[in-house]
Amino acid sequence: MEKEHRHEPVSYGTYTGIWLALVVLTIITVSVSGLNLGMFTMLVALAIAATKASLVANIFMHLKFDKIHFKIMFGVSIMTLLFMFIVFFDIAYR
Amino acid sequence: MSQVVHVHRDAEGAKTGMWLFLFTEVLLFGALFLVYAVYRYTYLDDFHRAAMELNTLFGTINTLILLTSSLTMAMSITALQKQNKRLSQWLLAITILFAIAFMVNKYFEWGAKIDHGIYPGSQHLLEMPNGEILFFGLYYFMTGLHGLHIIIGIVAIAITMAMIHRDKITYDYVTILENVGLYWHIVDIIWIFLFPLFYLIK
Numbered sequence: 001m002e003k004e005h006r007h008e009p010v011s012y013g014t015y016t017g018i019w020l021a022l023v024v025l026t027i028i029t030v031s032v033s034g035l036n037l038g039m040f041t042m043l044v045a046l047a048i049a050a051t052k053a054s055l056v057a058n059i060f061m062h063l064k065f066d067k068i069h070f071k072i073m074f075g076v077s078i079m080t081l082l083f084m085f086i087v088f089f090d091i092a093y094r
Numbered sequence: 001m002s003q004v005v006h007v008h009r010d011a012e013g014a015k016t017g018m019w020l021f022l023f024t025e026v027l028l029f030g031a032l033f034l035v036y037a038v039y040r041y042t043y044l045d046d047f048h049r050a051a052m053e054l055n056t057l058f059g060t061i062n063t064l065i066l067l068t069s070s071l072t073m074a075m076s077i078t079a080l081q082k083q084n085k086r087l088s089q090w091l092l093a094i095t096i097l098f099a100i101a102f103m104v105n106k107y108f109e110w111g112a113k114i115d116h117g118i119y120p121g122s123q124h125l126l127e128m129p130n131g132e133i134l135f136f137g138l139y140y141f142m143t144g145l146h147g148l149h150i151i152i153g154i155v156a157i158a159i160t161m162a163m164i165h166r167d168k169i170t171y172d173y174v175t176i177l178e179n180v181g182l183y184w185h186i187v188d189i190i191w192i193f194l195f196p197l198f199y200l201i202k
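Residue numbers (the numbering used here), protein chains in the order written: chain A, 1 to 94; chain B, 1 to 202.
Isolated chain B, as found in the complex (with noise of 0.2 Å):
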């Protein structure tokens, strides 16, 4: 070695910056149930009518999806921090396409709606009760905010991938793996809460 390169790692630093960005989501989902809860009240038979429209099915397979995205995720962590490079890629590629596998059922899932006539702005959606329109457009709008979550999660593990390819995050330091995995549990924490709103309670 001809010479010393100092790289400038705080890793418990860069985990808490990734905390106050979680924290920023939790608020910004966090607003949006609350906006749900005084709705449900105040309008409880039309979300109670609207909510039957929703397919269980497709909600209940995308959890079981999210939540096994999830674990590949954790494990590609702990791949690299045994140095099984390759296995953390792999880890991370099924992550890839469980969140792909995600999207393309919520295309259907949404497909069918639309189809229905039930879209923001559709004249089937404005002729009905006030309490539907809104439980239909918090349906859309939450969905689709926590649909381009996963996108942009997509994203961020394909980086992620090709920085491990490049020796860029290296089994001593997986601060950059950890931060996007953090933000891959925190989008799976959010639809563990919306599912049972949307899809179970009726």
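Extracted from the complex, chain A is given alone in its bound form (with noise of 0.2 Å):
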């Protein structure tokens, strides 16, 4: 029977190590929701939601161990998803 192509399992530690980077920028973003940045308060919190994200997508979802196409196909939802809110700067600046 054909074998499957594929990575080696990703280690416990690695998996361990990831999940501890997502607490501490829980942590971090909860922190810093208390102050009062002005009009930062919004982009900081995104980035750091955008960070934990790609985490996620990249070590739990094995982006980054799988074949190119996956990781493609992924970005390619993202780009359409960053189209459509094009449309918000028709509202914003109308």
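It should be emphasised that the hints constitute simulated quantities derived from the structure, not laboratory data.
A couple of the hints might just be wrong.
[As the list claims (entries may be wrong)] Taking beta-carbon pairs under 10 Å as the criterion, some of the chain B residues facing chain A (in silico):
1) W19
2) V38
3) L80
4) G111
5) I189
[What the hints assert, rightly or not] What follows is a set of in silico ranges between Cβ atoms, one per label pair, in the way DEER data are often shown:
6) B:P129 to A:G34: 17 to 27 Å
7) A:I91 to B:H48: 15 to 25 Å
8) B:V5 to A:I91: 43 to 53 Å
Heads up, the beta-carbon is just placed ideally off N, CA and C, and yes, glycines get one too.
Using the hints, put the two standalone chains together into the complex.
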């Protein structure tokens, strides 16, 4: 029978490290939300959320270890979403 | 072995299909985030007042619960690949327990809001300014849709556990477990964005 071409199992240690990073980022985003950063509040919160999401996607979802075409597919999803958000500027600058 | 059974296996095809489905999930929630952005921009003050009503502690605890459930889900794949079937099943069981804890938390959070008369269509809510009505409408719809995904995830993980138990998913072909994992992680990613937008940014 044909073999699956796949990466080695990701170690428990790697997963635990990523989980720790995610918890630390959560604590940071909660603490920072108490400060008044004006217009940067939204920017900082979204930047931290995007960092957390990329950790989950790359390690937990194996995008970093899988073949490149999965990464491209996810990239296309995110790009499509960003294009949709261009609509927002129509509202903001109307 | 008296009989050779040919089983059609295409790990990459199956995974590609899963990612296509995740694409539709990203667009589904993405469109809702766009609606949120537009209304937040239009009703800045109302959104600010309404967000004050939400309990940051509930949101933070649920974030930590979901992140940890993602960890146990990811680990269960490694465990099965290392031929540790029992550990893999235990990790999936723990993932389900975290998912249930998330929903119990959500029950109390929504319960408190409903006790205060804030729920879609309530007299108290309808007397609020337009922006606050929109904020709570989006809050109930988006966290509700996300909660529905958690419930579907619980069922999917339970089915996966049963399949591992019956050796329908084994260490040399973990794709179904991996795909359920992909679904669980995208639900986690959606929450990673819901959390700051509703509970943190005032």
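Status of the hints after comparison with the structure:
Hint status for B:W19 relative to chain A: holds, with the closest Cβ pair at about 5 Å, below 10 Å. The closest approach between the C-beta of B:V38 and any C-beta of chain A is roughly 5 Å, which is under the 10 Å cut-off, so the hint is satisfied. Interface hint at B:L80: satisfied, since its Cβ lies 9 Å from the closest Cβ of chain A, which is below the 10 Å cut-off. Contact between B:G111 and chain A, as hinted, is not supported at the beta carbon level, the nearest pair being about 23 Å apart and thus beyond 10 Å.
Checking B:I189 against chain A by beta carbon gives a least distance of about 5 Å; that is within 10 Å, so the hint holds. Taking 17 to 27 Å as the suggested C-beta distance range, the pair B:P129 and A:G34 conforms, at roughly 26 Å. For the pair A:I91 and B:H48, the supplied restraint of 15 to 25 Å holds, since their beta-carbon distance comes to about 18 Å. Remark: the range hint 43 to 53 Å for B:V5 to A:I91 is contradicted by a beta-carbon distance near 58 Å.
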